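Chemist: Sequence:
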Amino acid sequence: MLAPKRLLTALALTLIGSTTVQAADEVVVYSSRIDELIKPVFDAYTQKTGVQVKFITDKEAPLMQRIKAEGENATADLLLTVDAGNLWQAEQMGILQPFTSSVIDKNIPLQYRSSAHAWTGLSLRARTIAYSTDRVKPGDLTTYEALADKQWEGRLCLRTAKKVYNQSLTATLIETHGAAKTEEIVKGWVNNLSTDVFSDDIAVLEAINAGQCDVGIVNTYYYGRLHKQKPDLAVKLFWPNQGDRGVHVNLSGIGLTKHAPHPEAAKALVEWMTTPEAQKIFADVNQEFPANPAVPPSAEVATWGKFVADTLPVEVAGKRQAEAIRLMDRAGWN
1 MLAPKRLLTA
11 LALTLIGSTT
21 VQAADEVVVY
31 SSRIDELIKP
41 VFDAYTQKTG
51 VQVKFITDKE
61 APLMQRIKAE
71 GENATADLLL
81 TVDAGNLWQA
91 EQMGILQPFT
101 SSVIDKNIPL
111 QYRSSAHAWT
121 GLSLRARTIA
131 YSTDRVKPGD
141 LTTYEALADK
151 QWEGRLCLRT
161 AKKVYNQSLT
171 ATLIETHGAA
181 KTEEIVKGWV
191 NNLSTDVFSD
201 DIAVLEAINA
211 GQCDVGIVNT
221 YYYGRLHKQK
231 PDLAVKLFWP
241 NQGDRGVHVN
251 LSGIGLTKHA
261 PHPEAAKALV
271 EWMTTPEAQK
281 IFADVNQEFP
291 ANPAVPPSAE
301 VATWGKFVAD
311 TLPVEVAGKR
321 QAEAIRLMDR
331 AGWN
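Just so you know, we're using full-length UniProt numbering here: the sequence shown kicks off at 1 and counts up by one.
One or more hints might be untrue.
Cross-link-like lysine to aspartate or glutamate pairs, in silico, EDC-like; alpha carbons within 16 Å at most [unchecked claim]:
#1 Lys163 / Glu323
#2 Lys319 / Glu206
#3 Lys181 / Asp284
#4 Lys236 / Glu206
#5 Lys39 / Asp284
#6 Lys236 / Asp134
Here are the computed distance ranges between Cβ atoms for each label pair [what the hints assert, rightly or not]:
#7 Ala180 / Gln65: 31 to 37 Å
#8 Asp140 / Lys68: 34 to 40 Å
#9 Thr195 / Pro40: 34 to 40 Å
#10 Ala234 / Thr75: 43 to 49 Å
#11 Glu184 / Ala299: 37 to 43 Å
#12 Lys54 / Glu300: 29 to 35 Å
#13 Lys39 / Glu300: 29 to 35 Å
#14 Gln65 / Gln151: 43 to 49 Å
#15 Lys54 / Pro138: 43 to 49 Å
It is worth saying that the hints were derived from the structure and are not from the lab. Being a predicted model, the structure only gives us computed values, none of them experimental. A virtual CB, placed ideally from N, CA and C, is assigned to each residue, including glycine.
Using the sequences and the hints given, assemble the complete structure.
Modeler: What follows is the structure, encoded as structure tokens:
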């Protein structure tokens, strides 16, 4: 038999070892996504692997600051957020660590990943044109840029420029047209507004439906949510720029934190989230487009029709974000 002191030491080592194993069976995610949109994905992973996924939800800015403040005493393994602009910002803050994965490279197209391997896209959303089926014919619409034309004066609704979704759209316009031409376009949009800007995309869609304006720019999944609530919604989506650069597409994505307590377990979760099994859950629950092109969208999303997407790397939205914000301010988009 072991002497009492040696017995206590052995017991302590056993407890420490078991604690380490327990900790490795958990991954902690800081998430700015709505709980109901990601819980089904995490629940499926836990059921498949036994690994518990704990997620803490807040706005992206507080979460990023929390990761930075925690430093080497990190709680989070992963940061899950929306928009390449936010992911780019997290990358520039130095709170993410790059990692390479042949699984992710195979499943997610290059344009939807960080060139420095700091994050990857998980689901896609198109920021496109919504129009009144009562007052606008699809043939009247062509491009984002054309919404600055005189024919749309007093007929356009927009969400606030403070939202990163619009900042990213503007950033890609700058990348495509240059700053001077983009400022001209954005000033045209502002001049064509029918009313003050709205706080969210749902409000833009409801304003079109109510006759407050005829056209607007929204993320596709907001349309999906509202259409589900109001099947008789007199609004449809239009895919602009099909003759040139394509529809502006952005994403939700995920990155490994710099001081992740469980990096290997976290990497395994990210890899699984890019597989068809997980991507189908994203597609069905979120009314978003899978980032993995091998996975079809949900039946409802498929009814919106196919489109050609802009092939610009989405990280451009981050690289030009500050420039876009300044330009929007000069143009009077508040």
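Chemist: If a hint holds in the structure, say so; if it does not, say that too.
Modeler: How the hints compare with the structure:
1. Lys163 / Glu323: Roughly 15 Å separates the two Cα atoms, so the pair holds.
2. Lys319 / Glu206: violated (32 Å)
3. Lys181 / Asp284: violated (39 Å)
4. Lys236 / Glu206: This hinted pair holds, its Cα atoms lying about 12 Å apart.
5. Lys39 / Asp284: Roughly 13 Å separates the two Cα atoms, so the pair holds.
6. Lys236 / Asp134: Measuring from Cα to Cα gives roughly 10 Å; hence the hint holds.
7. Ala180 / Gln65: 31 to 37 Å: holds (35 Å)
8. Asp140 / Lys68: 34 to 40 Å: violated (47 Å)
9. Thr195 / Pro40: 34 to 40 Å: holds (37 Å)
10. Ala234 / Thr75: 43 to 49 Å: holds (47 Å)
11. Glu184 / Ala299: 37 to 43 Å: holds (41 Å)
12. Lys54 / Glu300: 29 to 35 Å: holds (31 Å)
13. Lys39 / Glu300: 29 to 35 Å: Distance hint for Lys39, Glu300 is violated at roughly 20 Å.
14. Gln65 / Gln151: 43 to 49 Å: holds (45 Å)
15. Lys54 / Pro138: 43 to 49 Å: Taking Cβ atoms as reference, Lys54 and Pro138 lie about 46 Å apart, which means the hint holds.
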